[in-house]
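The opening position of the sequence shown corresponds to residue 1 in UniProt numbering, with each subsequent residue numbered one higher.
Below, a list of computed lysine to aspartate or glutamate pairs in the DMTMM-like style, where the Cα atoms sit at most 25 Å apart:
id, residue 1, residue 2
1, Lys301, Asp275
2, Lys337, Asp310
3, Lys337, Asp238
4, Lys361, Asp344
5, Lys371, Glu357
6, Lys188, Glu177
7, Lys337, Asp235
8, Lys371, Asp272
9, Lys264, Asp302
10, Lys185, Glu174
11, Lys188, Asp248
12, Lys337, Glu236
13, Lys361, Asp341
14, Lys361, Glu338
15, Lys361, Asp248
16, Lys185, Asp310
17, Lys337, Asp275
18, Lys337, Asp320
19, Lys371, Glu273
20, Lys361, Asp332
21, Lys361, Asp275
22, Lys301, Glu181
23, Lys185, Asp218
24, Lys115, Glu174
25, Lys301, Asp248
Simulated from the structure, these hints should not be mistaken for lab results.
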Amino acid sequence: MGSCLSDESRSPRAGSPMGVRKRKSMKKRFGSQNSFDYRREERLHRTPGRMFLNGSTEIASLFTQQGRKGTNQDAMIVWENFGSRTDTVFCGVFDGHGPYGHMVARRVRDSLPLKLSSHWEVNIKSEEVLRGVSLNTVATGSSFGSEGTSFVSADDEASRVSVDVEENGKNQPEIFETLKELFLKAFKLMDRELRMHANIDCFCSGTTAVTLVKQGQDLVIGNVGDSRAILATRDENDVLSALQLTVDLKPNLPAEAERIRKCKGRVFSLQDEPDVSRVWLPHNDSPGLAMARAFGDFCLKDFGLISVPDIFYRRITDQDEFIVLASDGIWDVLSNKEVVDIVDSSTRSHAARALVETAVKAWRSKYPTSKVDDCAVVCLFLDTNESRSATTKSKENIPSVEQDDDVSPKDEVVGGDEDFSEANKECSDDERVNIEVGQDWSALEGVSRVNTLVNLPRFKPGKEDEKAAAEKKAR
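My request is simple: use the sequences and hints to build the entire structure.
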């Protein structure tokens with residue numbers, strides 16, 4: 001997880017008329033919005049083939065467990081028959097940070113796949129229309145330039161995306177080009193939605209996102225932040241090895257640090273954690289985010305932080321066995337090879353849970369003085385005919401029970417996300433409104449091995465925000 005630091009608050013001063021009006025108006029808006037969101041989530045969570053709680057299917061295993069830092073800020077999803085395509089699956093793991101990180105992670109979990117799917121449908125229909133137009137233009141001797149048929153217009157932000165393709169990627173398949181543009185578009189719209197969201201303060205809260213779409217043997221991954229995807233594949237000696245599919249997008253990467261500094265942001269480490277590079281504002285020692293790309297965190301979006309995903313493509317072979325997506329609660333204590341071995345030695349229905357339980361034990365042994373981080377894992381098995389161990393299909397979703405920091409290890413509750421009714425309850429009106437002035441937040445609790453009490457910067461509405469709020473209130 002990331003973190004936000006500040007030695008000053010950007011909220012209206014306590015007792016000021018603007019502060020009071022803002023909180024009252026927000027509460028009024030939340031009433032109708034809550035009802036809409038509840039109906040939306042209810043329909044979404046009943047979608048066939050969509051899993052976001054602890055459980056397993058024939059091709060996937062999911063598990064998340066709350067750490068010792070408060071609310072579980074990790075979220076996950078597996079969506080089979082994605083976009084009404086029987087050979088397509090969407091998977092994602094989202095690691096929230098900041099005071100509202102859990103809300104941001106769940107919002108991205110719910111909204112990002114929908115944006116990707118809807119634009120995919122639009123793209124297919126557009127291609128059909130363009131094919132018809134193309135046939136007509138060939139007959140008349142005219143033609144379109146490549147810019148006219150591109151689904152996503154090129155801009156400065158999208159041009160910074162890096163694309164990793166296998167050695168034979170010079171002749172990139174059509175599905176890769178299509179999904180690359182869709183990922184760029186969906187991630188951009190998702191971040192824009194978070195910026196405009198009335199119920200979630202994303203000024204100093206955000207989330208990572210490691211997501212994939214697998215269609216047939218084609219695999220495309222979109223990644224922001226420091227969550228990770230790895231592939232278990234067999235080498236020429238039939239030994240199962242780990243291949244890392246994504247790059248942990250942290251500020252210590254030269255290209256990421258250069259971009260941030262060009263945008264006047266700063267990158268440096270704290271004295272008590274020299275190995276953790278952080279992103280800071282130009283003239284203020286805040287917020288100290290431990291990643292170079294993320295959804296949300298709008299206090300840094302003008303200073304080098306971006307939500308543009310790295311896009312990766314791979315053509316799946318017979319040697320590839322499974323993919324693991326996980327938050328940094330796993331990768332901070334387990335190596336890629338250890339993760340592969342743990343999953344390989346477990347039954348499919350228990351694979352994700354076994355990985356999380358092993359990571360929790362590793363946290364306690366390696367960092368006994370640190371709080372265990374939240375963990376979320378998605379295991380996607382590429383061969384539906386399991387030969388290494390027999391397993392029973394289990395689509396049971398196991399709702400989680402929130403865990404307090406003072407729960408002893410033997411009493412630790414293991415569980416996933418809540419169902420939609422409980423999830424709606426957990427975000428009360430008091431939690432959704434901006435945080436009271438002067439309240440301290442343990443933002444660095446989202447970073448492994450570091451826990452520091454700090455004040456977070458708060459969003460101060462500008463003239464455009466106040467004007468938009470007034471117009472909405474008038475309607």
